[in-house]
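Novice: Chains as they are written, first to last, in the numbering used here: chain A, 1 to 397; chain B, 1001 to 1103; chain C, 2001 to 2167.
Incorrect hints may have been included.
[Stated by the list, open to error] With a straight-line cut-off of 20 Å between C-alpha atoms, the simulated SDA-like cross-links for lysine to any residue are:
1) A:K380 <-> A:M334
2) C:K2131 <-> A:Q146
3) A:K380 <-> A:I347
4) A:K339 <-> A:I371
5) C:K2047 <-> B:R1058
6) C:K2131 <-> C:V2143
7) A:K103 <-> A:F270
8) C:K2131 <-> A:V198
9) A:K339 <-> C:M2152
10) A:K173 <-> C:F2069
11) C:K2131 <-> A:V147
12) A:K339 <-> C:I2156
13) C:K2131 <-> B:F1067
14) C:K2047 <-> A:A142
15) C:K2131 <-> A:G353
16) A:K339 <-> C:T2149
These are computed hints drawn from the structure, not numbers from a lab.
As the structure is a prediction and not an experimental result, all values here were calculated from the model.
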Amino acid sequence: MLDPRFRGSDIKECMENLDQIFVQAKRTVMNLAESVLPQPLVLLVSMLISIGVIAAIGPVIMMYLTWLERKVVGRIQNRIGPNRVGKFGLLQPIADGIKMLTKEDIVPEGADHILHFLSPVLVVVPALLVLGLLPWGRNMAAVDLQVGLLLFFAITSTGTLSIFLGAWGSRNKFSLLGALRAVAQLISYEIPQVFSAVVVIMHTQTISIVEIVNAQPGFNWFVFTPWGFTGLVLFYIASVAECNRTPFDLPEAESEIVAGFHTEYSGMKFALFYMAEFLQVFSLSALAAALFLGGWQGPFLPSWIWFFLKTYGLIFIMLWFRGTFPRLRVDQLMGFAWKFLLPMSMINIVVVGIWTYASPIVAWVLGILIIAISFGVLAKLNTRYHIERNRKFILAE
Amino acid sequence: MTIPLSHYLAVSAALFSIGLFGALTRRSAIIVLIGIEIMMNAANLNLIAFWRYSDGTRATGQLFTFFGITIAAAEVAVGLAIVISVYRLFQSTNVNEISDMKK
Amino acid sequence: MIAAFYLISVVLIVSAVLAVSLRNLIYCTLCASVVFISSAALFFLLKADFIGVVQILIYVGAVATLLLFAVMLTKNLVSRQYYVGQKRKWSYGIFTASAVLWVLIGSIRSQTNLAELVTADHQLSVVSLGKEMLTAFLLPFEVASLLLTAAMIGGIVIALEEKKKSS
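Bound conformation, chain A alone (with noise of 0.2 Å):
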């Protein structure tokens, strides 16, 4: 069964069989249904489990998401976070999950009913869809499409309109603010974040995202390039938009607009908003590292610990944007994405189509020249105001 090249050390052994060990596990369910069932229903079970994982695997991650962020934020604010339901307080989440449920479901008086139910469930789906397409490890991927990547894009889009449904549905005006500002900067957001994909599709001459993984093995990252790591950098920037995180979560803004879109909701249905907004930092995560970060690639430990450390690194990040930084304006969100981030794109697309043609130093300097001159001269041209040099700083100025 294994490879005869490691038949000589065990710990490789070991490991191999680790690195495959989820895969290993269905294809022996596959075999105990294909012994069975008729053929049809084999089919049936092998996508019921990938499904069935799937599904389950969704509300798991948001859990301890929840849980994992408010132990970083309490960290970063001198806190230790919640440390009373269980041992470091991992019990916690299942304990937030029993309150939401039995919380009481609000409805307003005047709202839409429809509207307002569907929309927390429509808000889920593409969150969980989405999921399937990611390549979990080797040969871990639920579905391997050609056009994996464009359908990525496609899913989340459809989240703008339930967002938009629900506020609407709420008929209150803080929602349809928040609503409206929502849809304003995932709009705005969604063209850098696929220009920034741009960059590693015409380098690897691919949509399908278990194509781009394999096309990075051992260390060959792309984040090791000069414009793999521009795009990175443009992704991850619009991806923290994209899930409305601090310091882009304008749509829910609690000092301005109580809490945006999700004002009206209460107990489940909040909850499952709060949900798709996680799922969707999970998954944004993952494909940001498996576009850049070479997704499961990597030496020694087993393919799908590779790909959590990854994630969970880029989203450390993301709660460490929100224990640091403030919100920006609205005028200030869109004229980082318009004004800073398509632009910035556009060039990394140049970039990498020298990198194609031209000789490795050629490209690396030329690369590193056009990113960096042109990183100066937008941020010199977005400089609104000139901030003075000897400007003395007197508190309650």
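Knowing the structure of chain A, use the given hints to seat chains B and C on it.
Specialist: Just chains B and C now, kept in the frame of chain A:
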């Protein structure tokens, strides 16, 4: 057993008629636009169905659909901009009320 | 596969009927997006993956959102004015639409050689699609990009509020 081509064409024809019905009878300019979009969708479905049932070595059918979708997107963008500016002028999107040349 | 086709077709036609006949404009838009998604599903059934994805990306991601925006900008939120009255005679529309349907179905039925056509067992890769787009279809491609630019500028110019009037 596979689905015959005529079934796809029948679905597409039904979709086209529904879109036509919407575009003809409804008074709201937005629904008229939705009707036109549904008609374009029917045409795209036709193109893809014929592509699938051809020898399929060339991508002509798919690319025609691609351009069709592009044109539909452009049409919606301009159409809705017109709807909004008309609404600003007449305080209504009812296509029957918008009959004055100047206001 | 066959069951999937008929199921999707039924969803497609029912939601299309609802999209053009409901009174509440928001529900109309919602049903329209169901139409778009289910026709994307038919594209997937026909093995046109790329077009199906483009359909979702553009129709559901952009067009449906734009439609919702337009509904919201043109109707008053508080007074429930987004209901459109039903005082109109629908008989002319139904007559015209069913006449068109009759002609279309008749022409499909008259083509007896349609039944002989079978699906070839081929899968067009995205790479060859892109190559074709930039070689044989280069001119339409460029014209389409020009059209999109023109539509974008046109849309902004038309919807732009005239500042002189307001001041």
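Novice: Which hint numbers does the structure go against, in order from smallest to largest?
Specialist: none
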